[in-house]
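Engineer: For reference, the chains in residue letters:
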Amino acid sequence: MEHDHFELAGKVFHSRLIVGTGKYRDFAETRAAVEASGAEIVTVAVRRVNISDRKSENLLDYIDPKRYQILPNTAGCYTVEEAVRTCRLAREVGVGDLVKLEVIGDQKTLFPDVPATIEAAKILVKEGFKVLPYITDDPVACLRLAEIGCAAVMPLAAPIGSGMGIRNPFNLRIIIEQAKVPVIVDAGVGTASDAAEAMELGADGLLINSAIAGAKDPLAMARAMKLAIEAGRIAYLAGRIEQKLYATASSPLSGLIR
Amino acid sequence: MSPSCFAIQLNGEEYTVDGDPSLPALLERLKMRRGRVAVEINQAVVPRAQYDAVRLNPGDIVEVINFVGGG
Chain S
1 MEHDHFELAG
11 KVFHSRLIVG
21 TGKYRDFAET
31 RAAVEASGAE
41 IVTVAVRRVN
51 ISDRKSENLL
61 DYIDPKRYQI
71 LPNTAGCYTV
81 EEAVRTCRLA
91 REVGVGDLVK
101 LEVIGDQKTL
111 FPDVPATIEA
121 AKILVKEGFK
131 VLPYITDDPV
141 ACLRLAEIGC
151 AAVMPLAAPI
161 GSGMGIRNPF
171 NLRIIIEQAK
181 VPVIVDAGVG
191 TASDAAEAME
201 LGADGLLINS
211 AIAGAKDPLA
221 MARAMKLAIE
231 AGRIAYLAGR
241 IEQKLYATAS
251 SPLSGLIR
Chain Z
1001 MSPSCFAIQL
1011 NGEEYTVDGD
1021 PSLPALLERL
1031 KMRRGRVAVE
1041 INQAVVPRAQ
1051 YDAVRLNPGD
1061 IVEVINFVGG
1071 G
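These protein sequence lines are chains S and Z, in that order. Sequential numbering of the first sequence, starting at 1, is according to the numbering used here. Sequential numbering of the second sequence, starting at 1001, is according to the numbering used here.
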């Protein structure tokens, strides 16, 4: 179990936690939370440089791309064209060709547009991107994305930022059982037990942002998530006991004092 | 390289290029460092390796992006 590692897009990682960098007070807090989480892969968003208010500070000055695998996302994209354009730009920053593909279908739920996500993934894979698509917890959609050549699939546990935890563990189990690529549960985790649950189901990894950044103490929650993911992974590998309706004594039945 | 003065659209706003019209000069004026930003001109991404050869033209629509916090 000490040799348990996580392979993604041809690279080996030791942490199974991917963290986002949104919603922090400042870059210093972002860096401290990322460090506390032990994550090796860090998501970022792609946005226009603010021309009128030029600060020379940049997120990458705090999250060193030499130390962390940077994972640009296409958050806020509602069409195939927007998402593909964003990925092409992100790649030219020069931090690699791993992208978190999001094509959002609805503003209120932020659920993915599944056909558009599949279409965008096809284009990006063809252009040599290593695509990690955010997707509904739909086993068939996950199969299609893996067939296309995505490096992993990232089914949601619950709506982004909702903190509702694993809403459909049965679908996640099916996705994990069928998977020929890593399954990273993305979005919806609220607290450490949710993260442990996802790992116990057999997920290969977890992507968490809001639950850490929005906690009263983000650094403590980052550490809690790290430990929960380790515990959940070890429990999964250890193999849990079967659930039974009635008791089975754990102390010997013989030798009782009568 | 002859100095020039013309307008471009930069990140959705009008911007005046005054002087050296090369892309590296624009990035320098805006204190944007290579390895931190990416550039698109008229909807075509500019490969990093080609920055030095790129000159801006009047009316160009330029987008410069960087990474910000996100999940």
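Keep in mind that the hints were calculated from the coordinates and are not lab data. Some hints could be false.
[As the list claims (entries may be wrong)] Pairs of lysine to any residue residues, derived as SDA-like cross-links and limited to a Cα-Cα distance of at most 25 Å, are as follows:
| # | chain 1 | residue 1 | chain 2 | residue 2 |
| --- | --- | --- | --- | --- |
| 1 | S | Lys130 | S | Ser15 |
| 2 | Z | Lys1031 | S | Gly22 |
| 3 | S | Lys66 | Z | Gln1050 |
| 4 | Z | Lys1031 | S | Asn58 |
| 5 | S | Lys126 | S | Val80 |
| 6 | S | Lys130 | S | Arg48 |
| 7 | S | Lys66 | Z | Val1045 |
| 8 | S | Lys66 | Z | Ser1004 |
| 9 | S | Lys55 | Z | Gly1035 |
| 10 | S | Lys130 | S | Lys55 |
| 11 | S | Lys216 | S | Glu35 |
| 12 | S | Lys23 | S | Gly161 |
[Claimed, not checked] Stretches of chain S that chain Z covers, calculated by requiring three or more beta carbons in the stretch to come under 8 Å of a beta carbon on chain Z:
| # | segment |
| --- | --- |
| 13 | 18-25 |
| 14 | 67-81 |
Quantities reported herein were computed from a predicted structural model and do not represent experimental measurements. Just so you know, even glycine gets a beta-carbon here, dropped at the ideal spot from N, CA and C.
Engineer: Does each hint fit the structure? Answer for all of them.
Structural biologist: Hints and how they fare:
1. S/Lys130 with S/Ser15: Within the cut-off at roughly 19 Å; holds.
2. Z/Lys1031 with S/Gly22: Holds - the C-alpha atoms of S/Gly22 and Z/Lys1031 are around 24 Å apart, at most 25 Å.
3. S/Lys66 with Z/Gln1050: 23 Å, holds
4. Z/Lys1031 with S/Asn58: 11 Å, holds
5. S/Lys126 with S/Val80: Holds. S/Lys126 to S/Val80 sits at ~14 Å (cutoff 25 Å).
6. S/Lys130 with S/Arg48: The given pair, whose Cα atoms are some 23 Å apart, holds under the 25 Å limit.
7. S/Lys66 with Z/Val1045: 24 Å, holds
8. S/Lys66 with Z/Ser1004: Distance of about 39 Å is beyond 25 Å: violated.
9. S/Lys55 with Z/Gly1035: Distance of about 16 Å is within 25 Å: holds.
10. S/Lys130 with S/Lys55: 31 Å, violated
11. S/Lys216 with S/Glu35: Holds - the C-alpha atoms of S/Glu35 and S/Lys216 are around 17 Å apart, at most 25 Å.
12. S/Lys23 with S/Gly161: 10 Å, holds
13. 18-25: holds (count 5)
14. 67-81: Per the Cβ count (4), the hint holds.
Hints 8 and 10 from the list above are not met by this structure, while the remaining hints are.
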